[in-house]
Amino acid sequence: MRFGRRLSWRSFPGQTGFRSRRDRLKVTSRDAVASSLIAFAVLGSGCVGGIAPAQGDVPEENPEPGGTTAPSEAFTPASAACGSALPTPSIMRRLTQEEHIRILRDLVGPAVVTAAFDLPPENFHEGFDGIGEAQAFTVAHLRGYLRAAQSIVRGLGANAAARDALFGCEITGAERSACLSSFVRRFGRRAFRRPLTTEETQAFVALAGAPALAASPEAGPLAVVEAMLTSPNFLFVVEAGVADPLSPGAVRLEPYTLATRLSFLLWGTGPDDQLLDEARDGALSRRDKTITVVRRLLADPRATEGVWAFARRWLRIHRLAEVEPEERASALLPPELRASMQEETRRLVTSLVAPRVRLAELLTSSKSALDARLSEHYGIARSSANSGWDLQELRGHGRGGGVFGQASFLVSTAKTRLNTPISRAVVIREALLCRPPPPPPPDVSAPELGSLPATAPVSQILAAHLTAPACAACHTLLDPLGYGLERFGRLGEWRTSDEYGHAIDGRGQLIESTPPEFTGPAELGEKLVELPEFTGCAARHLFRYATGRHESDGEGCALDALGAAVAKSDGTLGQLVESLVTNVLFASAAREI
Amino acid sequence: MHLIGRRVLSRRALLRGAGGISMALPFLEAMTPRQARAALPVRLLVYFWPNGTRGSAWAPTKTGAITGADLNAANQVFRANGAEADMVPHLTFVTGVGDLFGHAGASHQASMMATAEGDKNPRSDSGTLPVLASIDQVCAMKLGMATALPSLSVSAASDPGFNIARTVLSWKGPNQPVTPYLRPAQVYNLLFGGGAALSPTRSDAAGLLARDKSVLDAVAEDARRLRLKLGKVDQRRLDDFDQALREIERSVQTVNAPSSSAACRSSDAGAWGPATAQAGREAGPVESLLLDLVVLAFRCDRTRYASYLLEYPFGPKRWSAQGSPMGDHDLSHAQNGGHPGVVPRTNLKLSYLATAMRKMAGIDEGGSTLLDNTVIYANSDNYDGNGHTRRDSQPIIVAGHAGGALPGGRHLRYTPAKPLNDLLASLLNYVGVSTERWGNMGTGTLPGL
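For the record, the sequence lines run as chains A and B. Taking the numbering used here, the leading residue of the first sequence gets 570, the next gets one more, and so forth. Taking the numbering used here, the leading residue of the second sequence gets 523, the next gets one more, and so forth.
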């Protein structure tokens, strides 16, 4: 087959072929995929770690696609001020439940993927469920994935139209053999997010012809679907790269891996055929073309869902449907109200995908879309009589400040009465400043909290946090910050006094800011986005989400620098993404022994 | 992450790549210890409850043999009470065993990790992710192949949280958390909703079986090819995959074999009722429902190793239906630890365990009870919740009789204090995993237990 020969995954170890670098070079002169890899390895020397070439320096014409562009020109080096930005080793991640469903819909069509599959719950680490180190893989997972694959095969068995569209050719009669192998290659490339090797293609074609699958003409190819959707190549995000000649501890990712990272980052699903073609043709080895690709991905409707999937994890509001900040939360926060809360934030977040909207709007927007349910919950009279979503001015209602004034955030971060201001402050510091408080010293005793009754004002009960030496180091970073949002109860409702009638003034302090004092979410948001940490912290979260691991100290420093540069420029989400994915940080992984 | 252009496969990779067969052998060898000789398997339940208690109200008033009269105020719930049987003869209080080396990091979540896995975590940055497997997972990995589920982890925590370092009790290893199930309905389906993925319902079961095996063989082959490309770290994840695949292959082969023990008939599960399970978290006390399911899973031999998280230390659960107005962590610090609700709350936090023990004591397994054949290990993150003390002692209860080997009605006190690792080593031996010591900080087993 055409693709099979040109795009064989031949540079994988275990394949026959490469005996020496010269051999490899010979072969790769005919091979678009490998040529860009070799370009990484061979031509990259002398450039990486130097000064980033201006965009115009990239040659416009390539005699062979992807073949002569030095990859060093494709990626901005990490900030030199940060020293070594070596990647930390990580363990490959599994598709999250959400990604799994989205990919299945992409692969076989939504008509066949009807229900959610019964998979074990995900672990969330620092907000994300796609962190390899924190993920579980047990027999219950594999059973769930297998059941999902089986249910899809059953669905395809009963849906001739979907089946024919999937096969794309005549699976019976004289054309069967050709159709089968083209189907295996095409479906395999989408499922494994890279072309199959010759050996893989042969193995899956052989499966389709197994005697046990002779019951019907469809049985064989459907078994291929089932096997591929249960394969570790599908279920895990397998990344590949070549040794980075200038950085012995690092690996440069090959184009299909880059395409996969891009697509999961921006769409929350695997790459489509066009993106895989672009990877094949070398588009991701060139900065200008990479930016074109990113703009296409962001303009696609899938980016709305993808960016929202990222942001609701980043902002720790992903599990709003499950939290119980109050004992009677299920009655006080019915599912419809929680859905409205999420929708309010979704509308804010997805507005950031548009050009020329600064990322800072996330924390400074003074307007918000409300429906009747939320308006009532917030105690804000609606400006129009319609029952749908309506953009409301929030100044004068104590809200504003983007997500800081939104119930989705205020409810998700609430805990018990005493813990709520602390918990909210921890989330703000972790998610928006990337300056989490240090952990308490071991065996810290809490007698300093005194013996006030439980009905005393929270700030009085916690007052000793700010004076006792063992507590103050952390709690001066936390408690006063949380007090600034205390005018919102644990259900996100507006209040001026607490449950025992003590007045709340909503005054807080953000230590990093000068002066630190603020009142309420709008002032907090204004202060926070002025800090250099804000955009860098967003970059760190994008990075964690895209790579499935926590950044190293050096990488973190470089991401901060990258964010600061974006903040000084347009400061849009799109610019931040472009800057990140064209940086060598995005295209690297730790090299394993 | 794998490296393209790596020219020579290491011998080690080739050996590994040679396949599941060579890997499976040591695993099977590991399945032959004490367990195989016992008439009935010893089950293990790890029970975690948050925020400790009032330190002065915990230890029984004397050491050695004790009765209900010797219990302290915070554990009265185990005494005989009206129709409720006395559980003291079935349990051992252990004091003077603690998180001796102190985890780096927070005094709640890090020590929650320590309760089930021991050892100090050298990673000072995160401070809380474990370095060892928790003992339920050690048992599951060594002995868990005998049942449909190697282990079962459930959490009655009131919200799922967004950081596993704070909410997950069971770990297979340093970066292998075992996600707890939160919903009774999901656990019920896991246990009884056609446990195996492949259960042929049509008459041509043999034909379907052959088909399924072809698919699984192709997947196994694909995994072997992938293994050749992966680095060492990623191969660990593939190990998880291969192990899961072997378990499923096994269940395909034995798809028609009845997997329930004699003590469990389908009517038992039916009587418990899928309707109850479907009702989910909102309908009843999720704490009891989940623990009932653990007992049921033991009884029906669906699994032998379970962990149960009542609530994580900073969880917002308030138990207001039981008359308590405050979150558990708030309560532990209220009035400088002197809040009158602390001791009743401890009894409440242990009441679910006491109830489960009474149920297990009532389940006959042919001359012995389920409680006789179980080891229960209950612990909390702290001893005194207000003082965050946990090094010198944790509030440890060991219950059940491990098939007759483990006596009850005792209070053991260790001076000077012993590390938690030694207790865990003893428990592993009771369940059937022979070990002389556990973890880097272990010094041996706990003498006298």
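Wrong hints could be hidden among the right ones.
What the hints assert, rightly or not - Pair ranges (Cβ atoms, derived):
(1) B:Arg-772 / A:Ser-899: 39 to 45 Å
(2) A:Ala-890 / B:Gly-860: 45 to 51 Å
(3) B:Ala-579 / A:Asp-1122: 29 to 35 Å
(4) A:Ala-908 / B:Ala-595: 42 to 48 Å
(5) B:Lys-754 / A:Ser-899: 55 to 61 Å
Bear in mind the hints are in silico, worked out from the structure with no lab data behind them. Note that beta-carbon positions come from the ideal geometry of N, C-alpha and C, so glycine has one too.
**Study point:** Hint numbers not upheld by this structure, sorted from lowest to highest
**Key:** 2, 3, 5
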